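Construct all of the structure, not just a fragment, from the sequences and the given hints.
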Amino acid sequence: MTNKELALSAARGRRLAMEMVFRASSGHIGGSLSSMDILTELYFEQLRIDPASPRDPGRDRFVMSKGHCTPALYSVLSLRGYFPEKELELFRSIEGHMSGHPDMQHVPGVDMSTGSLGQGLSAAVGMALAARLDRLDYRVYALLGDGEVEEGQIWEAAMSAAKYSLDNLCAIVDVNGLQIDGRTADVMPSEPLDEKFAAFNWHVIMADGHNFDSLRAAFEEARSFRGAPTAILAKTVKGRGVSFMENDPGWHGKAPNAAQYEEAMAELNAAVKRLEVL
Amino acid sequence: MGEKKATRAAYGEALAELGAKYPELVVLDADLSGSTMSKTFAKAFPDRFFNMGIAEANMAGVAAGLATCGKKPYISSFAMFMAGRAYEQVRNSIGYPRLNVKCAGSHGGLSVGEDGATHQCLEDFALMRAIPGMIVLNPCDAHEMRLAMDALAEYDGPAYIRLGRMAVETVTDSLEGYEFRLGRGVVLRGGSDVTIAATGLMVQRALAAAGILEREGISARVLNIHTIKPLDSELILASARETGCIVTSEEHSVIGGLGEAVAALTSEFCPVPVVRHGVEDEFGRSGKAEAVLEAYGLTPEGIAGKARKAISIKENSK
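Same order as they appear, the protein sequences are chains H and P. For the first sequence, position 198 matches number 198 in the working numbering, and the numbering has no gaps at all. For the second sequence, position 197 matches number 197 in the working numbering, and the numbering has no gaps at all.
Derived from the structure by calculation, the hints contain no laboratory data. Quick caveat, the model's predicted, so the values are computed rather than measured. Even glycine gets a Cβ: it sits at the ideal position worked out from N, Cα and C. Some hints could be false.
To be verified - Within a straight-line C-alpha distance of at most 25 Å, the following computed SDA-like cross-link-like pairs (lysine to any residue) qualify:
hint	chain 1	residue 1	chain 2	residue 2
1	P	43	H	162
2	P	318	P	271
3	P	39	P	24
4	P	318	P	242
5	H	163	P	45
6	H	163	P	24
7	P	39	H	86
8	H	163	P	39
9	P	21	H	152
10	P	43	P	2
11	H	86	H	53
12	P	39	H	164
13	H	163	H	177
14	H	163	P	47
15	P	43	H	196
16	P	314	P	265
17	P	21	P	147
18	H	163	P	46
19	H	163	P	271
20	H	4	H	51
21	H	196	H	136
22	P	43	P	54
23	H	235	H	7
24	H	163	P	49
25	H	163	P	54
26	H	163	P	32
27	H	235	H	152
To be verified - In silico contact screen, one side only, chain H against chain P (beta carbon under 7 Å); selected entries:
hint	residue
28	113
29	125
30	153
31	156
32	210
Printed below as a string of structure tokens:
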């Protein structure tokens, strides 16, 4: 896809995510908006997948370690063709199976159930080890939050990935600088993440998480790097695309009210329209 | 009969044998492979053994990822760290997605001995059986452990199995008609006055207790409950009806383990006195394994005392 087509898909994804959270009156919109471009690049350009056979043993794997960002993940999965958009209407509803956090047993395209922060990268390490054992060439991707990396298990997983030289593993950190209680720098400083991952013997790439050229270059570099796993530190803006939500930790896990929803949708609709005519 | 062997030794040997039968079987340990005996597998299949270091949470998650790709992972550490430290990873990354990971908690109970309270896990049954869909096993001897491992290898789903540090007498190999089936208890000795439902190394002690009681003219039935979940409700309820009272015996806290499982079952379907024998609401302490078990009353005489109590409650309520 061209960058314009990717941007249009991401803009539609942002609109779907907003609708999901508003309809459910709950969900995590801030991090969903910050990670939307990363997920769009992954699912439309990077992952070797076929939505028609979501359990193909040779497929690339994706683990949403920051599992609360289902509004973004489910939107992108539906846009990619894993299930009809209509199913998003039952997000977080007892009437369906679109659970608040990713559920591999019920949502097509979800490779690992996640949600309890810090656990997804370990599962991704296991998948990458399995590829090694089976001599398969699939790659494994995991998306982490920069708040999530405060969990010690992330660093246990990082050590083990380096021990086994898992160059088929790529972790992306959505560095939006915010977590529920405020700025990551205030709540629990996790920077410098580049030096931390490098000290854990990972290959580190910095990227702009809202620029498809930058993301693509990072993923391509990761794919060709041999001998160590890669961490892509993708700088992003939490709430990206909705001006009044940007860089405000208050929008981590809160649903907009009707007036806020109208305002947000006006901006997101305008973005879609702008990209449609291009 | 009579050979003394730790169930952990049988675990390691079983893994090495099963490894030949199942190419998808992989084993992970957290720097305790010489204690959990997973090293026996590591020696036989070095390419399928992963030492994850002192990081049990990550080990559980890595096993989950391997299982999503069709592997059959067995992970082991001490029960304290497997069921305790990694509880939430076992629950959310293994139990919730119902992944085929077998979690082995070695050195369970007081019989860890000298290491003391921080390493004596008395809560693993309580923690693991609370996870939906998790099966929980506690074989009583090396022979039963071997059979349990065969059954587990054929079972597709999450499971917890406790291994013991101490060498214990093998009793199940010489029993007429003994058969291991997941979820089915075994009647080791018939009796009509009281049922002793025991698990793990308390099984041998329950048999000795039945001998003590016999000399007093009390007829005790002994059940070997190797599968704590799913509990063999048919056998336990039949025993409740036929003997009118039950003693449960486990090397575990009386809170949340076999005792409470049996009490909950009987109170709902066949109310009879259930007296729980185990470790009361307290921590363990250091000492030689046998001395610690003795200090906490986990002895044949301890079980016999509970049996007399159960019978007297039954008689008094008539």
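Cross-check of the supplied hints:
1. P:43 to H:162: holds (23 Å)
2. P:318 to P:271: holds (13 Å)
3. P:39 to P:24: Distance ~18 Å between residue 39 (chain P) and residue 24 (chain P) Cα, so the pair holds.
4. P:318 to P:242: holds (15 Å)
5. H:163 to P:45: Within the cut-off at roughly 19 Å; holds.
6. H:163 to P:24: OK: residue 163 (chain H) and residue 24 (chain P) at ~22 Å, within 25 Å.
7. P:39 to H:86: violated (52 Å)
8. H:163 to P:39: holds (19 Å)
9. P:21 to H:152: Not OK: residue 21 (chain P) and residue 152 (chain H) at ~37 Å, beyond 25 Å, violated.
10. P:43 to P:2: violated (28 Å)
11. H:86 to H:53: It holds: about 20 Å lies between the C-alpha atoms, which stays within 25 Å.
12. P:39 to H:164: holds (19 Å)
13. H:163 to H:177: Violated - the C-alpha atoms of residue 177 (chain H) and residue 163 (chain H) are around 29 Å apart, more than 25 Å.
14. H:163 to P:47: holds (14 Å)
15. P:43 to H:196: Not OK: residue 43 (chain P) and residue 196 (chain H) at ~34 Å, beyond 25 Å, violated.
16. P:314 to P:265: holds (18 Å)
17. P:21 to P:147: holds (15 Å)
18. H:163 to P:46: Holds: residue 163 (chain H) and residue 46 (chain P) sit about 15 Å apart, inside 25 Å.
19. H:163 to P:271: violated (56 Å)
20. H:4 to H:51: holds (22 Å)
21. H:196 to H:136: Roughly 30 Å separates the two Cα atoms, so the pair is violated.
22. P:43 to P:54: Holds: residue 43 (chain P) and residue 54 (chain P) sit about 20 Å apart, inside 25 Å.
23. H:235 to H:7: holds (17 Å)
24. H:163 to P:49: Holds, at roughly 13 Å.
25. H:163 to P:54: holds (13 Å)
26. H:163 to P:32: holds (18 Å)
27. H:235 to H:152: Satisfied, since the Cα-Cα distance of roughly 22 Å is no more than 25 Å.
28. 113: holds (4 Å)
29. 125: holds (5 Å)
30. 153: At 5 Å from the nearest chain P Cβ, residue 153 (chain H) passes the 7 Å test, so the hint holds.
31. 156: holds (4 Å)
32. 210: Interface hint status for residue 210 (chain H): violated (29 Å vs cutoff 7 Å).
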